[in-house]
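Enquirer: Sequence:
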Amino acid sequence: MRSTLPLTLLLALAAGPALAQPKQDPDWPCAQRRVPTIGYGAVWTGPDPTAAASDWGNDREAAQLARKLASRRTELREADTLIDEFVEKIDPAEKEKRLTHVFAGVYEIITGERSTVMNGIVRYAQGQRRLAERIRDEADKVSELKDAPDNDTTKVASKEVAELETKFAWDRRIFDERNQSVSYVCEVPTLLEQRLGEIAKRIQAKL
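So the sequence shown is numbered by full-length UniProt numbering: it starts at 1 and just counts up by one.
These are calculated hints, taken from the structure and not from any lab test. Bear in mind that the values here come from a model prediction, so they are computed numbers and not experimental data. Glycine included, C-beta positions come from ideal geometry on N, C-alpha and C. Each statement offered as a hint is correct.
Restraint ranges, calculated between C-beta atoms of paired labels, are given here:
| id | residue 1 | residue 2 | range |
| --- | --- | --- | --- |
| 1 | VAL35 | THR81 | 26 to 34 Å |
| 2 | GLY112 | GLU163 | 40 to 48 Å |
| 3 | GLY112 | LYS89 | 20 to 28 Å |
| 4 | THR37 | PRO92 | 28 to 36 Å |
| 5 | ASP80 | ARG173 | 40 to 48 Å |
| 6 | GLY41 | GLU94 | 23 to 31 Å |
| 7 | ARG123 | VAL35 | 13 to 21 Å |
| 8 | VAL117 | GLU94 | 31 to 39 Å |
| 9 | PRO47 | ARG129 | 41 to 49 Å |
| 10 | THR37 | GLU133 | 27 to 35 Å |
| 11 | ARG60 | ARG123 | 33 to 41 Å |
Within a straight-line C-alpha distance of at most 20 Å, the following computed DMTMM-like cross-link-like pairs (lysine to aspartate or glutamate) qualify:
| id | residue 1 | residue 2 |
| --- | --- | --- |
| 12 | LYS95 | GLU61 |
| 13 | LYS206 | GLU75 |
| 14 | LYS201 | ASP80 |
| 15 | LYS201 | GLU108 |
Throw the hints in and build the complete structure from the sequences for me.
Expert: As structure tokens, then:
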């Protein structure tokens, strides 16, 4: 009778949070719904930023502020002070235009970072799926070698079993470690969306 222990271990492993839940998209391991893009309207009710999207980088002060506000190294509690300092230095008649430049810059930077993260998550999921398939193959091979007739169990076969078991254990370890990090990674797009919305709200409050 064929040994089922390696497969049992693998099934338990594959039941981890990254791959356990049935998903419509096999390349998206997160519990959060996959939303590829965020429209302006989801976070912004101020002036139309379409024109600003193409020229915010030409407004040096606005671009500098946008990059600082978009950076996760900048605490959100600093945002109001930074925006106030910007407003104090500009022509009041241009406040709406230049604050819209700031928003357009923040939007482009954060949504660009979010897209990069989401693409990385997709590659992560694809890699995990390939690794899971390889582990299953390794488990099957170990079982086949262990369950071979006694007269087929040679020193060469025993060495092969040992090597496969080592590879199986190593691949399982890598799979498990990656699975443990998926919850954090999946939170990043949501955190970026929240940051974008919060900064947009604070900019709008100054219009």
